[in-house]
Amino acid sequence: MWNAIQAIRRRLTTQVGRKAVIGIPYGWLLIFFLVPFLIVLKISFSNVVLAMPPVEPILTWGRDQVLQIRVNLSNYTFVFGDRLYVAAFVNSLRVAAVSTLLALLIGYPMAYGIARAQGAWRNILFLLVSLPFFTSFLLRVYAWIGLLGRGGPVNAILMHLGLIQEPIQLLQTDFAVYLGMVYSYLPFMVLPLYSAIEKLDLTLLEAAADLGCRPSKAFFAVTLPLTREGILAGCLLVFIPAVGEYVIPALLGGPDTLMIGRVVWDEFFANRDWPVASALAIVLLLILSVFVLLLQKVQAGEEEPS
Amino acid sequence: MRTGQSRFVRFMLVAGFAFLYLPIISMIIYSFNASRLVTVWDAAHSPTLAWYVELFSNDEILEAAQLSFRVAAISATGAVMLATLAAFALVRYRRFRARALFGLLVTAPMVLPEVITGLSLLLLFVALTQWIGWPAGRGATTITIAHVTFCLAYAVVVIQARLATVDRSLEEAAMDLGARPWKVFWVITLPLILPAIASAWMLSFILSWDDIVITSFVSGPGSTTLPQLVFSKVRLGVSPDINALATLLVGVVSVCVAIAGTVMMRTERRRARDAQIAMGAH
Chain Z
1 MWNAIQAIRR RLTTQVGRKA VIGIPYGWLL IFFLVPFLIV LKISFSNVVL AMPPVEPILT
61 WGRDQVLQIR VNLSNYTFVF GDRLYVAAFV NSLRVAAVST LLALLIGYPM AYGIARAQGA
121 WRNILFLLVS LPFFTSFLLR VYAWIGLLGR GGPVNAILMH LGLIQEPIQL LQTDFAVYLG
181 MVYSYLPFMV LPLYSAIEKL DLTLLEAAAD LGCRPSKAFF AVTLPLTREG ILAGCLLVFI
241 PAVGEYVIPA LLGGPDTLMI GRVVWDEFFA NRDWPVASAL AIVLLLILSV FVLLLQKVQA
301 GEEEPS
Chain R
1 MRTGQSRFVR FMLVAGFAFL YLPIISMIIY SFNASRLVTV WDAAHSPTLA WYVELFSNDE
61 ILEAAQLSFR VAAISATGAV MLATLAAFAL VRYRRFRARA LFGLLVTAPM VLPEVITGLS
121 LLLLFVALTQ WIGWPAGRGA TTITIAHVTF CLAYAVVVIQ ARLATVDRSL EEAAMDLGAR
181 PWKVFWVITL PLILPAIASA WMLSFILSWD DIVITSFVSG PGSTTLPQLV FSKVRLGVSP
241 DINALATLLV GVVSVCVAIA GTVMMRTERR RARDAQIAMG AH
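Residue numbers (this note's numbering), protein chains in the order written: chain Z, 1 to 306; chain R, 1 to 282.
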C-alpha cells in the first residue's frame with residue numbers, strides 16, 4: 001500500500017517535472033522567438049504612419065463592434081516592384097554563394113590536414129580553428145580595415161612585389177566584402193568538414209590503394225562522396241548567415257555594395273519605414289527557410305546511428 | 001599507403017592558418033604603434049603603451065565595457081539554465097507534442113540573419129509596451145532578453161551533445177535506490193554534464209559580449225554596449241585605441257580557451273584511465 005502511494009507520488013512529480021522541463025524553454029521560445037515573427041508578419045501588411053510605433057494597426061474595431069482587418073500587400077508589391085530591392089536580394093545570394101565556394105576550396109584541404117594530423121598536433125590545430133569562434137567577430141572584421149587601407153600592409157606588399165605602382169583602392173570594394181566573408185566564416189566551414197573527414201574509415205582508402213587506385217582518384221571516388229554530408233553542412237553554415245550579413249558589407253563594402261541585411265537595417269533605422277523593413281525580412285526569411293530546413297535534414301541524418 | 005601529408009595539404013594548412021591569424025597579429029602589433037596614422041609604423045617612439053593608457057582613461061569605453069560585461073554574464077547564465085532544460089526535453093523525452101516545432105525554435109536563432117532576429121524582437125518589445133506597459137523603455141533588460149534568446153540556441157547544441165553520451169544506467173541505478181528525479185539530476189547528471197555547461201556558458205558569454213546587430217535593434221538611448229561603441233568608432237576608420245582593446249580581448253579569450261582546453265583534455269584523460277581501471281577490475 002505504502003509502496004503504491006510512493007509510486008503514484010513519484011509518478012506525479014515526474015509528470016510535473018517533465019512538464020516544467022519542456023514547458024519553460026518552450027514558453028520562452030514561443031514568447032521571444034515565435035510571437036515576434038508573427039508581429040513582423042503583421043506589420044509587413046500595414047501602412048506607415050507618423051506615430052510611435054510608425055505603423056497603422058491592421059486590426060481595428062469599426063462601428064457596430066465589427067472587427068475590421070485591413071491587410072494590404074502594398075509593401076510586398078513595392079518590394080518586388082523596386083529594382084533596388086530585387087537587386088539587393090540577388091546580390092546577397094550571389095555574394096554568399098561565391099563566398100561559400102571559396103570557403104569550401106580553402107576549408108576542405110585545411111580540414112583534411114587537421115583530421116589527418118598526428119597526435120597532439122591534431123588537438124592543437126583543432127583548437128586553433130575554433131579559437132576565432134571565441135574572438136570578437138566585429139574586431140576580426142575591423143582588422144581588415146587597417147590591412148586593406150591605402151597605406152596598409154597589403155598595398156605595401158603588392159607595391160614591394162612590383163605588382164602595382166601606386167596604392168589601389170581595396171577597402172569599400174566587393175573584393176573586401178568577399179575577403180571578409182571568407183575570413184569570418186571559414187571556421188564554420190572547417191569544423192563540420194573536419195568531423196566528417198575524421199569519421200572516414202581509412203581502410204577504404206587502403207583498399208582503393210591496394211586495388212591500384214591512384215591517391216588523387218581515390219580522393220574523388222572515395223573521400224569526397226563519403227564526406228558529402230560534411231560538405232553540405234559546412235556550405236549551409238556559411239551560406240545562410242552570409243546572405244543576411246550586415247557588419248561585413250557595412251564596414252568593408254562600398255556605398256554601392258547592395259546586400260539585403262544592410263537594406264533592412266537602413267529601411268529601419270534611416271528611413272524608419274517599419275512595414276517595408278518587415279516585408280523585406282519576411283521575404284528574406286522565406287528564401288532562407290529552404291536552406292534552414294535542408295540544414296536540419298542534414299544534421300538529423302548525422303545524428304542517426306549509421 | 002603514405003601516412004604523411006601531401007605537400008598541397010600542408011601548404012593549405014599553413015596558408016589557411018596564416019590567413020586566419022595574420023590580421024589578428026597585425027592588430028596586436030599596431031596596438032603598440034606610436035603613430036596615430038595606424039598604417040604608418042613610427043619606429044622612433046614605438047613600441048608604446050600610450051593607446052592602452054588612453055583606453056583605460058576613456059570613461060565612455062569603460063562604462064560600455066561594464067554594461068556589456070553585466071549583460072553577458074546575466075544572459076549566459078539565463079541561456080545556460082534554459083538550455084539545460086531544453087536539452088533534457090530533446091534528449092530524454094523523445095516524444096511530446098510539437099517536438100518538431102520545439103526543435104526548430106531551438107536551433108533557428110543560430111542560423112537566422114541577425115537583422116531578422118533583432119527586428120522581430122524590437123517589434124515584440126514595442127508591442128508589449130503598448131499592450132501591457134512593459135518593458136517601459138529599451139535598455140539593459142531588453143538587450144539581456146534578446147541575448148538569452150539567441151545564446152540559448154548555441155548552448156542547447158553544446159549541452160545536448162554531452163547529455164546524449166551520459167550513461168543512463170547510472171541514473172536508473174540511483175532511481176532504483178530510491179533517489180528522487182531532482183536529486184538524481186543534482187547528484188548524478190549535473191556533475192556529468194558540467195563541462196558542457198561550463199563551455200556553453202563561456203560560448204554564450206562571448207556571443208553576448210560581442211553582439212552588435214541584435215543589440216543595436218533592441219537597445220535604447222543611454223545603454224550603449226562595447227560593440228556598439230566600437231562599431232560607431234570603426235565606421236569612421238581605424239582608431240588605434242581599438243587596436244589596444246582588441247589585443248586585450250584576444251589575450252583574455254586565448255588564455256581562457258587555453259585553460260579550458262587543458263582542463264578538458266585532462267579530465268578526458270582521467271576519465272579514460274578510470275574507465276580502463278574499472279574494466280580491468282571486472
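Read the hints as simulated data drawn from the structure, not as lab findings. Fair warning: there could be bad hints in the mix.
[Said to hold, decoys possible] Computed, partial: chain R to chain Z, Cβ under 10 Å: (1) Val-9; (2) Tyr-21; (3) Ala-43; (4) Pro-47; (5) Leu-49; (6) Val-53; (7) Tyr-93; (8) Gly-103; (9) Leu-122; (10) Ile-132; (11) Arg-138; (12) Leu-194; (13) Val-253.
[Said to hold, decoys possible] Rough simulated footprint, nothing fancy, chain Z against chain R, three-plus residues with beta-carbon under 8 Å: (14) 58 to 65; (15) 123 to 130; (16) 144 to 158; (17) 172 to 182; (18) 224 to 235; (19) 268 to 280.
Yeah, the Cβ is synthetic: ideal placement off N, Cα and C, and Gly gets one too.
Sort out which numbered hints this structure fails and list those numbers smallest first. 3, 4, 5, 6, 10, 11, 12, 14 and 19
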